[in-house]
Amino acid sequence: MSYKADLSSQTLPVHLIRWHGRIYAIVGLCILLVVIAALATTIGSVEIPLLTTYQVMISKLPFLHTTPVWSSGIETIVLDIRLPRVILAGLVGAALATAGATYQGLFRNPLADPYLIGVAQGASLGAVVGFLLPVSWSGLEVGAIPLFAFVGAIASAAIVYGLARVGKTLPVTTLILAGVALGALLGSVVSYLIISSGDKMHGIIFWLMGSFSLSRWMDVMLVLPYIIVGTVVILLYARSLNVMQLDEEQAQQLGINVERLKLVLLTAATLITAAAVSFVGTIGFVGIIIPHAVRLLWGADYRFLLPLSVLTGAIFLIVADLIARTIQAPTEIPIGVITALCGAPFFLYLLRRRRKVIF
Amino acid sequence: MHRYVRNCLFGLMFLVLLTCPSCSSPEVAKTSSPIEITDQLGRVVKLDKIPQRIVSLAPSNTEILFALGVADKIVAVTDYCNYPAEAKEKPSIGGFSTPNIEKIVALSPDLVLATSMHQKSVIPNLEGKGILVLALVPKTLDEILESITLVGKITGEEKEASKLVAEMQNRIKAVTDRTNGLSEDGRPTVFYLTWQDPLKTSSVGTLAHELIQKAGGRNIFPEIVGTQSIDLESLVARNPQVMVAGISMGSGGDTTFQYLKTETRLQNTEAGKNGQIYNINIDLTGRFGPRIVDGLEQFAECIHPEIFGSPN
Chain U
1 MSYKADLSSQ TLPVHLIRWH GRIYAIVGLC ILLVVIAALA TTIGSVEIPL
51 LTTYQVMISK LPFLHTTPVW SSGIETIVLD IRLPRVILAG LVGAALATAG
101 ATYQGLFRNP LADPYLIGVA QGASLGAVVG FLLPVSWSGL EVGAIPLFAF
151 VGAIASAAIV YGLARVGKTL PVTTLILAGV ALGALLGSVV SYLIISSGDK
201 MHGIIFWLMG SFSLSRWMDV MLVLPYIIVG TVVILLYARS LNVMQLDEEQ
251 AQQLGINVER LKLVLLTAAT LITAAAVSFV GTIGFVGIII PHAVRLLWGA
301 DYRFLLPLSV LTGAIFLIVA DLIARTIQAP TEIPIGVITA LCGAPFFLYL
351 LRRRRKVIF
Chain X
1 MHRYVRNCLF GLMFLVLLTC PSCSSPEVAK TSSPIEITDQ LGRVVKLDKI
51 PQRIVSLAPS NTEILFALGV ADKIVAVTDY CNYPAEAKEK PSIGGFSTPN
101 IEKIVALSPD LVLATSMHQK SVIPNLEGKG ILVLALVPKT LDEILESITL
151 VGKITGEEKE ASKLVAEMQN RIKAVTDRTN GLSEDGRPTV FYLTWQDPLK
201 TSSVGTLAHE LIQKAGGRNI FPEIVGTQSI DLESLVARNP QVMVAGISMG
251 SGGDTTFQYL KTETRLQNTE AGKNGQIYNI NIDLTGRFGP RIVDGLEQFA
301 ECIHPEIFGS PN
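Chains as they are written, first to last, in this note's numbering: chain U, 1 to 359; chain X, 1 to 312.
The set of hints was computed from the structure by calculation and includes no laboratory data.
All clues given are correct.
Restricting the straight-line Cα-Cα distance to at most 35 Å, the calculated cross-link-like pairs of lysine-lysine (DSBU-like) are:
| hint | chain 1 | residue 1 | chain 2 | residue 2 |
| --- | --- | --- | --- | --- |
| 1 | X | K159 | X | K49 |
| 2 | X | K49 | X | K90 |
| 3 | X | K139 | X | K153 |
| 4 | X | K103 | U | K200 |
| 5 | X | K139 | U | K200 |
| 6 | X | K103 | X | K163 |
| 7 | X | K120 | X | K153 |
| 8 | X | K261 | U | K200 |
| 9 | X | K139 | X | K261 |
| 10 | X | K88 | U | K200 |
| 11 | X | K46 | X | K159 |
| 12 | X | K120 | X | K159 |
| 13 | U | K200 | X | K129 |
| 14 | X | K90 | X | K120 |
| 15 | X | K129 | X | K103 |
| 16 | X | K261 | U | K60 |
| 17 | X | K88 | X | K163 |
| 18 | X | K120 | U | K200 |
| 19 | U | K200 | X | K90 |
| 20 | X | K153 | X | K88 |
| 21 | X | K214 | U | K200 |
| 22 | X | K120 | X | K103 |
| 23 | X | K103 | X | K159 |
| 24 | X | K273 | X | K214 |
| 25 | X | K73 | U | K200 |
| 26 | X | K173 | X | K88 |
| 27 | U | K60 | X | K273 |
| 28 | X | K129 | X | K73 |
| 29 | X | K103 | X | K73 |
| 30 | U | K200 | X | K273 |
Predicted, not measured: the structure shown is a model, and the values here were computed from it.
Okay, chain U solo, but in the shape it has when bound (with noise of 0.2 Å):
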């Protein structure tokens, strides 16, 4: 950031030159966002010449006609396995971003993550039930997993909202408590089934770990409504979002509707997060460390923070699934495993370097 030279230029005040720093921060992450994915696309455990990767891509634009001069297997590759997967994984990385910092700023609890309020626990149960029911689900394109899995979250986090509502309030530390007490008894049903489960226990333990590997088109296409409005419906309210940090009874008092705020929020952080955990399972530590890292080096100012967690998170998902998929090629590493062992290092040397008090 050139925020020091600015400084020093003295021409403007300083709440405008943070503002500045700031603007400056999201287009250029927009533009890394677009450059990594780009670059994503491009390699693979599979190596395509750089160029041929373009041309399969720009092959397909309208109104360009070019001979095709590579093996559909290329195509394929490029365009129905590589594409739909980094979209989904920048898709979800933004999701969970984002309703990490929404929970974060709601609860003003910096240990709330997007699994919080039983969202993961009830995913998990909704998916294991899919793999136990003796139905053949060959008639649903969609897959019935990812259906159980969303059903499962948004059920869960129903009741534990329905759980926590005291009158016509929500108070914050019994919503977070009933989560986690939900999340622990629904975790162990989950394991009881899984134990129980036979042969199919591969399949859960796999699907419960989360994996981009299968994505599909169909699968953005499905994701990627829930994510936009639920998005944009947080973003709307970020100037909320910094009101509430103060203190409910003062934001209330500065006329906003505390309850109908956490429940319009609540509600879209719940959906964007049952969207991706449902195809892509539970990857953790995106949610929680994301926030963090932007409120580190750029503030707690909820206009800035949720866009920049939006595309920190989305270039984040999609470099530590490029790695997953290709530091030991051609066999695949669980991307949580990725997500923790680079984020959390990097997360660490942050927090030291800025030594600071950041929530």
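Chain X: place on chain U using the hints.
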């Protein structure tokens, strides 16, 4: 922390297994009685009479006992012992990685047939209670034949065992005689799917890999050791001529096979275009029992229908 410790233990177990110096061929001492048998973990097992109450701790062990005609001596099997059908009627001592020690002891067996996964905790535990344990740890076709011979010796059914081994050898030979002479080009490239989400394949060091080679095919992932998850794009790029899904007749169903048939991104591979997509029950490709030769023959039919006739 717990998980970490557990992972370390697993790792250690693996190392011990890999470096186990004495997984050598079994030997039988010539003394008439008591008999001494060295099992596949290199443990020397002494006994002075033929066991009458046997507990099997693995489906493969159960199948061997049934094949040798000593089913009446089996007092318990595992939850996973599904073949032959009569095995399901035997009392169970639980899952095969987590057998119920109390139940085993209560049955007062005079022989327990264990496998490699019981090496660390179950075998020492049972030995500590004075129960005779024989470990069968085959990793290859030859070692399966060896383990059958071992079970024959310890149950006093040596004749049955050598008959079964000879029959299996003949059937293996019937396949390999026709595939050994094949040139590199005459060996189709094969992809074997063990799980579809994420994609997993079994290669070097697994039975399925050995069966594919013996059946005259070339595994498209020869650099992979064991069963690992692989990248869809590598699979597409390696363009297999034959794809075989390992399916489970039990509860898993044929989701792997359905996946291979319906995944649009695989339909442009040679196997997809020519409809060379098959399935084999994983109990025949990964279970270290007598039916492994069925697995070999089915692989041969999938890979070389022109020689062995069309499968399924």
